[in-house]
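Chemist: Heads up, this note's numbering is the position in the sequence shown plus 199, with the first residue counted as 1.
Calculated directly from the structure, the hints in this document are not laboratory data.
Backbone N, C-alpha and C fix where the C-beta goes; we use that ideal spot for every residue, glycine too.
Be aware that one or more of the hints could be misleading.
What the hints assert, rightly or not - In silico lysine-lysine, DSBU-like type, Cα no more than 35 Å apart, as pairs:
(1) Lys207 with Lys276
(2) Lys365 with Lys433
(3) Lys277 with Lys261
(4) Lys261 with Lys279
(5) Lys439 with Lys207
(6) Lys433 with Lys447
(7) Lys276 with Lys261
(8) Lys365 with Lys447
(9) Lys207 with Lys279
(10) Lys441 with Lys365
(11) Lys439 with Lys365
(12) Lys276 with Lys225
(13) Lys225 with Lys261
(14) Lys277 with Lys207
(15) Lys207 with Lys447
Stated by the list, open to error - Restraint-style ranges between C-beta atoms, simulated for each label pair:
(16) Thr202 with Ser371: 41 to 49 Å
(17) His413 with Asp456: 29 to 37 Å
(18) Ala211 with Leu432: 29 to 37 Å
(19) Arg389 with Glu201: 33 to 41 Å
(20) Asp223 with Asp273: 36 to 44 Å
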Amino acid sequence: HETLPHAKIGTAPNISVIYPATSDPKDNLAAQYVNAVRNWLYLHIAVRGVYNPIALHYIRSKGYRLEFPPEDLDTFKKAKPDFIAFNYYNTMTVGQYEGEGSHQGDQQTALSVPGFYKGISNPYLPFTQFGWQVDPLGFRITLQEIHARYNLPLLVTENGLGAYDKVEEDGSIHDDYRIDYLRDHVSQLRDAADAGVEVMGYCPWSAIDLISTHQGFEKRYGFIYVDRDNQDLKDLSRRKKKSFHWYKQVISSNGEDLR
200 HETLPHAKIG
210 TAPNISVIYP
220 ATSDPKDNLA
230 AQYVNAVRNW
240 LYLHIAVRGV
250 YNPIALHYIR
260 SKGYRLEFPP
270 EDLDTFKKAK
280 PDFIAFNYYN
290 TMTVGQYEGE
300 GSHQGDQQTA
310 LSVPGFYKGI
320 SNPYLPFTQF
330 GWQVDPLGFR
340 ITLQEIHARY
350 NLPLLVTENG
360 LGAYDKVEED
370 GSIHDDYRID
380 YLRDHVSQLR
390 DAADAGVEVM
400 GYCPWSAIDL
410 ISTHQGFEKR
420 YGFIYVDRDN
430 QDLKDLSRRK
440 KKSFHWYKQV
450 ISSNGEDLR
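Generate coordinates for the entire structure from the input sequences, incorporating the hints supplied.
Modeler: Structure (structure tokens):
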């Protein structure tokens, strides 16, 4: 802000609202801890200048300590963001876990930590081809939860579907599943805005196929197909998918035309 006084500056974490598996208070406690660590740890310090106390308790219970000079905390408290940007792909569901052994996966799949929580498949939600659950209504819940907590404008920096895309004999790619995913999420975004959430913008992931951090080029997100795979660069030619033309009309209508 000192260097660019007219700039809008914000943070951009990956947010995934956590549901309790049941109404059992222990499941709710597990969800509270995962929400605190997974989501509010980063936003609390960025927006309010203090660490979330539930997240701090979790960190300390694992044997770690956060040590920093007092002047750093003063800097945190003075550094107010103008907005919150965030990436959203799905929600998570957790329950109590008293067993032994941790399970680790990528940032969107079920995890577990003894004494705290265990990731559980939500029976009300479908899966993508790569094991991520699809939750458009959870997108609205996430938008409303962040806005209610921190009362700042929101910018969606990532939202999209990774899938195996098939090139037909005529060169076309009919990715209706991607259109369905994005249509449902943009619709929920509009509902959140109607409910009072201040939304600065929405950026789908992504314009063009790119390398996924876990599955490489097997997992495609783009509106534009890139002809290559994990082992062979091929000719790297580009093809517009069906979703390209659909999203063009979404942009032209500012989200009004989702057909």
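Chemist: Each hint needs a verdict: does it hold in this structure or not?
Modeler: Results for each hint:
For the hint linking Lys207 to Lys276, the alpha-carbon distance of about 17 Å falls within 35 Å, and the restraint holds. A hinted pair counts as satisfied when its Cα atoms are at most 35 Å apart, and Lys365 with Lys433 qualifies at roughly 16 Å. Only pairs whose Cα atoms come within 35 Å are accepted, and Lys277 paired with Lys261 is accepted, the gap being roughly 30 Å. Note on Lys261 and Lys279: the hinted pairing holds, with a Cα-Cα distance of about 30 Å set against a maximum of 35 Å.
Between Lys439 and Lys207 the CA atoms are separated by roughly 33 Å; this keeps the pair inside 35 Å, and the hint holds. Between Lys433 and Lys447, the direct Cα distance comes to roughly 28 Å. Compliance with the 35 Å bound is thereby established for this hinted pair. Under the criterion of a C-alpha separation no larger than 35 Å, the hint pairing Lys276 with Lys261 is consistent with the structure, at around 26 Å. A threshold of 35 Å between alpha carbons decides the hint, and for Lys365 with Lys447 the separation of about 21 Å falls inside it, so the pair holds.
Simply put, Lys207 and Lys279 have alpha-carbon atoms about 11 Å apart, close enough for the 35 Å limit, and the pair holds. Our distance criterion of 35 Å between C-alpha atoms is met by Lys441 and Lys365, whose separation comes to about 12 Å. At most 35 Å may separate the alpha-carbon atoms for a hinted pair to count; Lys439 and Lys365 meet this at roughly 12 Å. Between Lys276 and Lys225 the alpha-carbon distance is near 33 Å, which keeps this suggested pair within the 35 Å criterion.
Annotation: proposed proximity of Lys225 to Lys261 holds, straight-line Cα distance about 19 Å (limit 35 Å). Proposed proximity of Lys277 and Lys207 is supported: the alpha carbons are some 15 Å apart, at most 35 Å. Between Lys207 and Lys447, the direct Cα distance comes to roughly 27 Å. Compliance with the 35 Å bound is thereby established for this hinted pair. The hinted range of 41 to 49 Å is satisfied by Thr202 and Ser371, whose Cβ atoms lie roughly 48 Å apart.
Roughly 34 Å separates the CB atoms of His413 and Asp456, a value that falls within the hinted 29 to 37 Å. Taking the beta carbon of each, Ala211 and Leu432 are about 31 Å apart, inside 29 to 37 Å as hinted. Take Arg389 and Glu201: their Cβ atoms lie about 37 Å apart, and the range 33 to 41 Å holds. Distance hint check: the CB atoms of Asp223 and Asp273 are about 41 Å apart, consistent with the given range 36 to 44 Å.
The earlier numbered hints are all upheld by this structure, with none contradicted.
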